[in-house]
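Visitor: Chains as they are written, first to last, in my numbering: chain C, 1 to 324; chain H, 1 to 267.
Hints listed in this document are in silico derivations from the structure and should not be mistaken for laboratory results. Here the structure is a predicted model, which is why all the values come from computation and not from measurement. Each residue gets a CB set at the ideal place from its N, CA and C atoms; glycine is no exception. Careful, some of the hints might be misleading.
Just the calculated beta-carbon pair ranges, DEER-fashion [said to hold, decoys possible]:
| id | chain 1 | residue 1 | chain 2 | residue 2 | range |
| --- | --- | --- | --- | --- | --- |
| 1 | C | Ser98 | H | His92 | 17 to 27 Å |
| 2 | H | Gln86 | C | Pro219 | 43 to 53 Å |
| 3 | C | Ser104 | H | His92 | 45 to 55 Å |
| 4 | C | Ile80 | H | Gly200 | 34 to 44 Å |
| 5 | H | Glu208 | C | Phe109 | 55 to 65 Å |
| 6 | H | Gln98 | C | Thr143 | 17 to 27 Å |
| 7 | C | Asp186 | H | Gln257 | 53 to 63 Å |
| 8 | C | Phe109 | H | Arg85 | 48 to 58 Å |
| 9 | H | Phe28 | C | Asp186 | 47 to 57 Å |
| 10 | C | Leu103 | H | Phe28 | 23 to 33 Å |
| 11 | H | Arg16 | C | Ser104 | 30 to 40 Å |
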Amino acid sequence: MTAIHQVSPVDASGTDDDVVAVPLRRPWRWVGAVAVLVLAGAFAASVATNPNLDFDAIGAFLVDPRILEGVGLTLLITFISMVVSTFLAIVIAAMRLSSNPVLSSVAWFYVWAFRGTPLLVQIVLWGYLGLLYDRITIGVPFTDIVFWSVDTNVLISAFTAGLLALTLNQAAYSSEIVRAGMMSVDEGQREAATSLGMSPLYTFRRVLLPQAMRVIIPPMGNETISMLKNTSLLSVIAVLELYTQASVISSQNLKQVELLIVASLWYLLMTSLLSIPQYYLERRFGRGASRTLPATPMQRLRRAIASRRPAPDPAPVTKEVGVV
Amino acid sequence: MTITAPADAVERAVARPLVEIRRVRKSFGAHQVLRDISLDAPEGTVTVLLGPSGSGKSTLLRCINHLETIDGGRIMVDGELIGYRQTGHTTHEMTPRQIARQRRGIGMVFQRFNLFPHMTALENVTEAPTGVAGVPAAAAKARGLDLLDRVGLADFARHYPAQLSGGQQQRVAIARALAMSPKLMLFDEPTSALDPELVGDVLDVMRELARDGMTMIVVTHEIGFARGVADQVVFMDGGVVVESGDAAAVIDAPRRQRTRNFLESVR
Ligand SMILES: Nc1ncnc2c1ncn2[C@@H]1O[C@H](COP(=O)(O)OP(=O)(O)OP(=O)(O)O)[C@@H](O)[C@H]1O
Ligand SMILES: [Mg+2]
Numbered sequence: 001m002t003a004i005h006q007v008s009p010v011d012a013s014g015t016d017d018d019v020v021a022v023p024l025r026r027p028w029r030w031v032g033a034v035a036v037l038v039l040a041g042a043f044a045a046s047v048a049t050n051p052n053l054d055f056d057a058i059g060a061f062l063v064d065p066r067i068l069e070g071v072g073l074t075l076l077i078t079f080i081s082m083v084v085s086t087f088l089a090i091v092i093a094a095m096r097l098s099s100n101p102v103l104s105s106v107a108w109f110y111v112w113a114f115r116g117t118p119l120l121v122q123i124v125l126w127g128y129l130g131l132l133y134d135r136i137t138i139g140v141p142f143t144d145i146v147f148w149s150v151d152t153n154v155l156i157s158a159f160t161a162g163l164l165a166l167t168l169n170q171a172a173y174s175s176e177i178v179r180a181g182m183m184s185v186d187e188g189q190r191e192a193a194t195s196l197g198m199s200p201l202y203t204f205r206r207v208l209l210p211q212a213m214r215v216i217i218p219p220m221g222n223e224t225i226s227m228l229k230n231t232s233l234l235s236v237i238a239v240l241e242l243y244t245q246a247s248v249i250s251s252q253n254l255k256q257v258e259l260l261i262v263a264s265l266w267y268l269l270m271t272s273l274l275s276i277p278q279y280y281l282e283r284r285f286g287r288g289a290s291r292t293l294p295a296t297p298m299q300r301l302r303r304a305i306a307s308r309r310p311a312p313d314p315a316p317v318t319k320e321v322g323v324v
Numbered sequence: 001m002t003i004t005a006p007a008d009a010v011e012r013a014v015a016r017p018l019v020e021i022r023r024v025r026k027s028f029g030a031h032q033v034l035r036d037i038s039l040d041a042p043e044g045t046v047t048v049l050l051g052p053s054g055s056g057k058s059t060l061l062r063c064i065n066h067l068e069t070i071d072g073g074r075i076m077v078d079g080e081l082i083g084y085r086q087t088g089h090t091t092h093e094m095t096p097r098q099i100a101r102q103r104r105g106i107g108m109v110f111q112r113f114n115l116f117p118h119m120t121a122l123e124n125v126t127e128a129p130t131g132v133a134g135v136p137a138a139a140a141k142a143r144g145l146d147l148l149d150r151v152g153l154a155d156f157a158r159h160y161p162a163q164l165s166g167g168q169q170q171r172v173a174i175a176r177a178l179a180m181s182p183k184l185m186l187f188d189e190p191t192s193a194l195d196p197e198l199v200g201d202v203l204d205v206m207r208e209l210a211r212d213g214m215t216m217i218v219v220t221h222e223i224g225f226a227r228g229v230a231d232q233v234v235f236m237d238g239g240v241v242v243e244s245g246d247a248a249a250v251i252d253a254p255r256r257q258r259t260r261n262f263l264e265s266v267r
């Protein structure tokens, strides 16, 4: 035998086994890619050479103090609404899952009402709260005992109304996500924790919630991005967040498109940055869930580069054993 | 007429009974799963519960640490009524907190391990001692490593459950239950979910535990284990104790036809 490669006994039939495998050529891929590039180039050129578009204005307004203030307020509203709504959502989900029929129907009603009406309508409603109740009072219900009372329009500024609207609406959505996460945890986990003498609250905090988080975080990342963009709806009650600021400026200088581009660039930047904390949270709560943690961005980059090169020999098949 | 535990099992007890189960009843809806169960587990002995599927073995075990409430009768562990306070002829269920405190003295091992997947083997073992028993972290860790060593898993402390075989997971689960220094260990078919070649390691750990004098109540279909380790075998069917007594007697010379039929089917 003159075979250079080691030939397994089964293959040693005398034929030439060392054939070269040529992948299928895909000419239409190239045609498609070129066509798309040409179209994209044409569009970019039409934008870049458009005399009606004032690029200097875009550059200047990107860092305009009013725009920056709007960015700050947008971030602040997103942050507060997400944090508060998440706590509310945990409470609502716990109520929904409780065996107490009053609690679970109240939770169901809450979700039904806040998810079933448009967010825009809710925002305007909260803005008009002063028309409905002229004073807000804390006291004993159904009696004349009053601890504290204030003019509604003093307490509920546009900012507070906006925060309330976004938070309460978000809590309805998030509670369903939390509930799904809680239901994804095996019943045996609660039993094991209980049998070790853990109290219900401790079990929830240390055993059930961390496991539910794995299911909860990806959709909550989506919700946070939606929230960030939905803050622009607060322009209808004149909260001076990013989009409102941009509209106010453009109503004075009439550079509507430029300011919309400025706002869009900021929204894009902020939503891109938001995926970073989500990524690390997923890693944090993914511990132990699979045999390997998700790759870090650097690992992924290296892997992507490696996959562009000719594939190395396949790794030897390792038997999965307890020793890892 | 219901059948209660034969008196001889009770009288033969050399040590005082650590577990006393008296006339326990339990229904799920209209289905009466436990009808008037009575049995004793003397301190430092191994009791094996045998019985066909659906005979209420798991339910009885879960009643002993109040994972299930009972409808009547009483269960005492170490002289303490489990899950209830007695006033005259009625008992009142305890608060979750009081029950949690009682459960700390009773370890339980499940058929499906139920390790906490987001914690390492060591964290699984130390979580309850540090979190609910107030053991300082360093002491809990030292004892956790010691327990993992005892079940033959000293090298796996930092592994997550998903990185362990079924037999290893079950041994971590045993170490986790032992970490609370229980006076009683309950095992619900601890080897039923394991590949045959992994069963031995788990049974070895249980044998050693029995040798060290742990009081154990074990639901299992491992007849060899029952014959070799059990001081007492209790055969249940249809929610009653059909026959109980010395392991060799019940297994090798069952007096009742139902017991004989069952033993034939699992051999
Ligand atoms: N939570 C529950 N709700 C309703 N019925 C239940 C519940 N738990 C158990 N049962 C019923 O009680 C009966 C006894 O169940 P149990 O799990 O105690 O049997 P077992 O002897 O452990 O059986 P196996 O050997 O199959 O584990 C079964 O008919 C079961 O369907
Ligand atoms: Mg069972």
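Visitor: All hints, please: hold or fail.
Guide: Right, here's what the structure says about each hint:
As the Cβ distance of Ser98 of chain C to His92 of chain H is approximately 22 Å, the hint placing it in 17 to 27 Å holds. Hint check: Gln86 of chain H to Pro219 of chain C, Cβ distance near 49 Å, so the stated range 43 to 53 Å holds. At roughly 26 Å, the beta-carbon separation of Ser104 of chain C and His92 of chain H lies outside the given 45 to 55 Å, and the hint is violated. For the pair Ile80 of chain C and Gly200 of chain H, the beta carbons lie near 58 Å from each other, so the given range of 34 to 44 Å is not met.
In this structure the hint that Glu208 of chain H and Phe109 of chain C lie 55 to 65 Å apart at CB holds, the actual value being about 56 Å. For Gln98 of chain H and Thr143 of chain C, the hinted distance range of 17 to 27 Å is not satisfied, since their beta carbons lie about 37 Å from each other. Our hint of 53 to 63 Å for Asp186 of chain C and Gln257 of chain H is violated, since their Cβ atoms are close to 40 Å apart. The supplied range of 48 to 58 Å is broken by Phe109 of chain C and Arg85 of chain H, whose beta-carbon atoms lie about 37 Å from each other.
Distance hint for Phe28 of chain H and Asp186 of chain C: a CB-CB separation of about 21 Å, inconsistent with the stated range 47 to 57 Å. The hinted range of 23 to 33 Å is satisfied by Leu103 of chain C and Phe28 of chain H, whose Cβ atoms lie roughly 24 Å apart. The hinted window of 30 to 40 Å between Arg16 of chain H and Ser104 of chain C is violated, with their beta carbons roughly 46 Å apart.
Hint check: violations occur at hints 3, 4, 6, 7, 8, 9 and 11; the rest are consistent with the structure.
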